[in-house]
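**Student:** Using the hints provided, position chain B relative to the given structure of chain A.
Protein chains: 2
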Amino acid sequence: MICAHAMFLRRSFTSKTVPEALWKLGRLNHIAIATPDLAKSASLYKNILGADISEPQPLPDHGVTTIFVNLGNTKLELLHPLGEKSPIQGFLDKNKSGGLHHICIEVDNIQNAMKEVKANGIRCLTEEPKIGAHNKPVVFLHPKDCAGVLVELEQS
Amino acid sequence: MICAHAMFLRRSFTSKTVPEALWKLGRLNHIAIATPDLAKSASLYKNILGADISEPQPLPDHGVTTIFVNLGNTKLELLHPLGEKSPIQGFLDKNKSGGLHHICIEVDNIQNAMKEVKANGIRCLTEEPKIGAHNKPVVFLHPKDCAGVLVELEQS
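Here the protein sequences line up with chains A and B, keeping their order.
Mapping the first sequence onto the working numbering, position 156 (from 1) lands on 156, and the numbers just tick up by one.
Mapping the second sequence onto the working numbering, position 84 (from 1) lands on 84, and the numbers just tick up by one.
Keep in mind the hints are simulated off the structure, nothing from the lab.
In this text, all values refer to a predicted model and were calculated from it rather than measured experimentally.
A couple of the hints might just be wrong.
[What the hints assert, rightly or not] With a straight-line Cα cutoff of 30 angstroms, these simulated DSS-like cross-link-like pairs (lysine-lysine) come out: (1) A:Lys40 / A:Lys96; (2) B:Lys118 / A:Lys46; (3) B:Lys46 / A:Lys118.
Excised from the complex, chain A in its bound form:
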């Protein structure tokens, strides 16, 4: 009994000495593609490549119209400017044909993820998470701190 009790205590102490992760990285939620011609891009994925796609969804608060392309394990998000101050207009001005705009990775605790990335010198583009296109809190990380890639973290 003493031996078993000692083992129990050791296990308890062992597990306590391992700090619990404050947040965990999850799966790739989507890849966003900005396009100057939403219907043509949607047709490429639906009619030529044979993927399932969603109906166009106007998101005035985000300045985009989106169509999701379902690839089974993840999604492409086709983005087209909506309104006069669309956040992707500048990107399309530089990339006339469109192009890969950002990737979105899920995290289970966005506040703790933000604290940790900031502590490691990765700039967040907003001080607080915003509510993203899926009605979940999101934050974008500065592309210059992420190998030139605009990375969105989304609370899963």
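**Tutor:** Just chain B now, with coordinates in the frame of chain A:
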């Protein structure tokens, strides 16, 4: 018995009248990110974001060194130039910090996929598939025909 036989026949005819697809689009295999600093980019995903990553793999035939970042449902492929004629050097010359380079989607029959995309006016960058980094046949589609995105199709 007659009824069951009739149902069997109907099912047979029904399935025969549906033409079999000559190829099918599969899952997103990976997103490729070109980076001027492979160690720093790998550290971002491993040490700051906490993802599992592979060892660096030099691929002299492809002019790149790669590191794969496992995101559970798909992978990021970090690419760094190897040798003097690396196919990603031009991209890095234009994008000094690095950036999203291409996406790779699986297909179950690359020859039939190529025939169909060509018939729909999508240019392939090579006449025949090449053997890609995973030792499987791959072909790249012209970015100008794919909403500005370099799309790789890989035989699954």
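**Student:** Is Lys40 (chain A) within 30 angstroms of Lys96 (chain A), Cα to Cα?
**Tutor:** OK: Lys40 (chain A) and Lys96 (chain A) at ~14 angstroms, within 30 angstroms.
**Student:** Measure nothing beyond the straight line between the CA atoms of Lys46 (chain B) and Lys118 (chain A); if it is 30 angstroms or shorter, mark the hint as holding.
**Tutor:** It holds: about 16 angstroms lies between the C-alpha atoms, which stays within 30 angstroms.
**Student:** Quick one, are Lys118 (chain B) and Lys46 (chain A) close enough, alpha carbons at most 30 angstroms?
**Tutor:** holds, 16 angstroms
When held up to the earlier numbered hints, the structure conflicts with none and fits them all.
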